[in-house]
Each structure stands twice: as C-alpha cells, then as structure tokens.
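Visitor: Line order of the protein sequences matches chains Z and S. As numbered in the numbering used here, residues 17 to 209 make up the first sequence, in order. As numbered in the numbering used here, residues 3 to 222 make up the second sequence, in order.
Fair warning: there could be bad hints in the mix.
[To be verified] For lysine-lysine, the following DSSO-like pairs were computed, each having C-alpha atoms within a straight-line distance of at most 27 Å:
| # | chain 1 | residue 1 | chain 2 | residue 2 |
| --- | --- | --- | --- | --- |
| 1 | S | K140 | S | K8 |
| 2 | Z | K198 | S | K140 |
| 3 | S | K140 | Z | K202 |
| 4 | S | K99 | S | K43 |
| 5 | S | K23 | S | K8 |
| 6 | Z | K138 | Z | K202 |
[What the hints assert, rightly or not] Label pairs and their computed distance ranges (CB to CB):
| # | chain 1 | residue 1 | chain 2 | residue 2 | range |
| --- | --- | --- | --- | --- | --- |
| 7 | S | L17 | Z | L109 | 20 to 30 Å |
| 8 | Z | A59 | S | D74 | 25 to 35 Å |
| 9 | S | L117 | Z | S203 | 26 to 36 Å |
Everything labelled a hint here was simulated from the structure, so no lab data went into it. Because the structure is a prediction, the values reported are computed rather than measured. All C-beta atoms in this analysis are idealised placements derived from N, C-alpha and C, irrespective of residue type, glycine included.
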Amino acid sequence: MQTVSESKQHHWALRDVLLLAFVAVFIGFIFWVLGPVYNILAAALTPMGLAPFANDLLIGGWMMAAPLASILIRQAGAGVLGELFASAVEMLLGGQWGVATLLSGLVQGVGSEAGFAALAYKDWHWRGIFASAITGTIITFIWSLFRDGYASYHVGLLVALFITRFISLFFFGGVLVVAIQKLIEKSGVLHRG
Amino acid sequence: MNPLMKFGVIMLIALELTFIKSVTVNLVIIIVSALIYTVLKLRWQQWLWLLLLPILPGLGSWFSLMYFGTGDHVHMAWIMLSRVFAYLWLGGLFTLKLNDERDIFLATLEQRAHLSATFVYALVGVLNFMPAVNQQVKTIRVAAQMRGQTLHIWAPQLYFKAILAAIRWSQNLAEGMVSHGFTEGATRTHLAVVKIKLRDWVIAAIILLMFQLLLFPGWY
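Use the sequences and the hints to build the structure in full.
Guide: Written as structure tokens, this is what we have:
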C-alpha cells in the first residue's frame, strides 16, 4: 500500500515525485507501443491531406499522464510535471518532434492542469477530470494554431480538427481516467494520510 | 559546452522557431546542425534516423496545408515541412549526445540551476528505469494474454496495472534512496563540483545573438 502525502503546502515529498515520474514513464511507454499505429494512420491520411487528424485523434493518449498524475498526487503542479516527464521520455525515445516535444509537453501539462485549477484544486474526481479535458483541448489547440500551422487551415477543417481533438481528450483524458480512478479506489492501493 | 547551457540555447531557439514563419531560417538551422553533426562524427544509422523520422509528420502537414489551407498556405506548407526537420535536427544536437553527457547534465541541474535534489534524483531514477518500464509494459500485456484477455490501449486495466507497478517501484526506490543516505531537503555536498565556464556563456550569447540577427531580413 502506498501512502500519498496529503499536505497542502508546496512541498514535494520524495515518494510523490517518484510515483509521478514512474506513472509518466509508464504512460510514455504504453503510447510508444502505439507509435506504429500512429505512423500507419498518418501515412494513410497524408495523401488526402488529412494527416493532422491522426495527431488529433491520438493526442488524448499522449496527454493522459497529466490528469493521471493530478488525481494520484492531488497537488498543484502535478499535472504539468507529469506531462513534462512523459514528454521527456517521448523525446528520448526519439519522438518525431525533437525538442519541440518538451515545449508541447509543457503546454499540454498546463492545459490539462488548468481544468483542476479552475475548480480551485478541490475536485479530483470526474468534474475535475472532465474540466481538464476541456481546458486541455482549448489550450493545446491554440498552441497548434502556431506550431502546426493550423492558423492557415480552412475554418471547416479547423472545426473538424477541434471536435476530433476534444473527442480524443474526452475519451483518453476523461472517460478512461475516471475508469482507472474507480479501479484504484476499489483496490484500496492508495492510502491518503 | 556544458550540456545544460546547450539545452537552454536549443530550447530558446526551438521556441522561437514555433513563431517564426520563414523557410530560410529553418533551412539555416538544419544546415548549421548538419555541419555540427559532421564534426561530431555520427554513425550512419543516426544520419538515417535524422533523415527519415521527420518525413511523415512533415509531409502530413505539407499535404494538408496544400489541400485545405487558406491565405498564404503554400508558403506555410513549406514552412511546416522545413520546421519539422529543424526541430528534430536541432534537438538531436542535445539528445544524441545525452548518453555521454547525462551525468554532467543532471549534476548541473542540481548544482548550478539549483533544482531540488528530489527532482534531480527522480529524473535519474526514471532515466535508468526506462528499459525496465518497457519490459514491464510487455509483461503486463503478456500476463493478461495468458488469461485470455487482450489489454488494448483503451483498457483501464492496462493503466491500472501499470500504476500498481509504478507505486511499487517508486516506493522501493524511495526506501532504497533513504537507506543509502538520501535526506529530503538537506544540503548536499558534492564530490565533483560543476562549474560553467565563462566561455560557455559567451558562446551561448553569440549563438543567440546571431540567431536574432538572422530574423531581421524577413526571409521567405
């Protein structure tokens, strides 16, 4: 049984930091396994000019580390740190975006954490999780307008991409995280004290 | 050059590249990186990796912008194609050498950037556990298959089991660190003291300055 520190101060206990880092690395690897799927999907969509959909469809998975870290550690900054660790793993494994992966990780972490922050870091259950999926979609989409050149797309494509991204985040960062949280709470592996 | 300084310079340039709309600037970054790589003597596999990896996301953006772009979209398509290469080639300057420079990078983070030792050692642990984590994810899936379950990427059980492993490992590592004398928040002494040479600061300043000058002509 793991005890997660319940302190509200800005103090990071060693075991919390390690837990957060490991969870992030696991998520990084789970989605690394999926890398070929992304490549095939992206390659299939490229000639039609629809490759960004491959990215937006899977983005929720790459961003899962943030809400998971938040619900496990329940501390301000956990989401950002979790996503940063996860993106560092992705970069070191040879992600296609090189150093920009870290910048995106930071943006994604902030985006996801904004949802929990909007609820004053008081709700770590489904409300907080879904709020983080919504803010995550909006903030990463603004980032994509610049980094991925989304600002030059037709409005129709932008709307479709936005909806795709939201569905992805709603599922991976929302529904799935809520389900994982249920499993964790039923199993009683986390003891808060 | 100190790896943390190098990292800082690379991150700053990468951040600026995100907002710069110029094919020329991207090409200059790629060419300069290539020149540095020839000095570093890469293996041919690494060259291949640098050449092939950005093609898919680069062409993906290129086709999309060509088909569905508005305004100056042809220009933007070429920017995105060259930008993906610039990101990876620039980042490779840091990541391809990281194996040799990892210790000094982490030591600099702790001693010069004054990042809390807790985070630095979490990073050390995580970097060293990466192969074990990879193996554990495979084990979880194989173990489930033995019971006739396939754990897909959307199965909460997959993540639950990964979190269980993360909990156990983080606890073991925390206990191991404490039993080896790690004290949270204590001032640490260092056997090897890292110093950043004045030369490194000067080089970093020159590189950043030259990069800013590159932006003035407003190239295509």
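Visitor: Checked against the structure, which of the hints given earlier come out wrong?
Guide: Going through the list in order, the structure violates hint 1 alone and respects the others.
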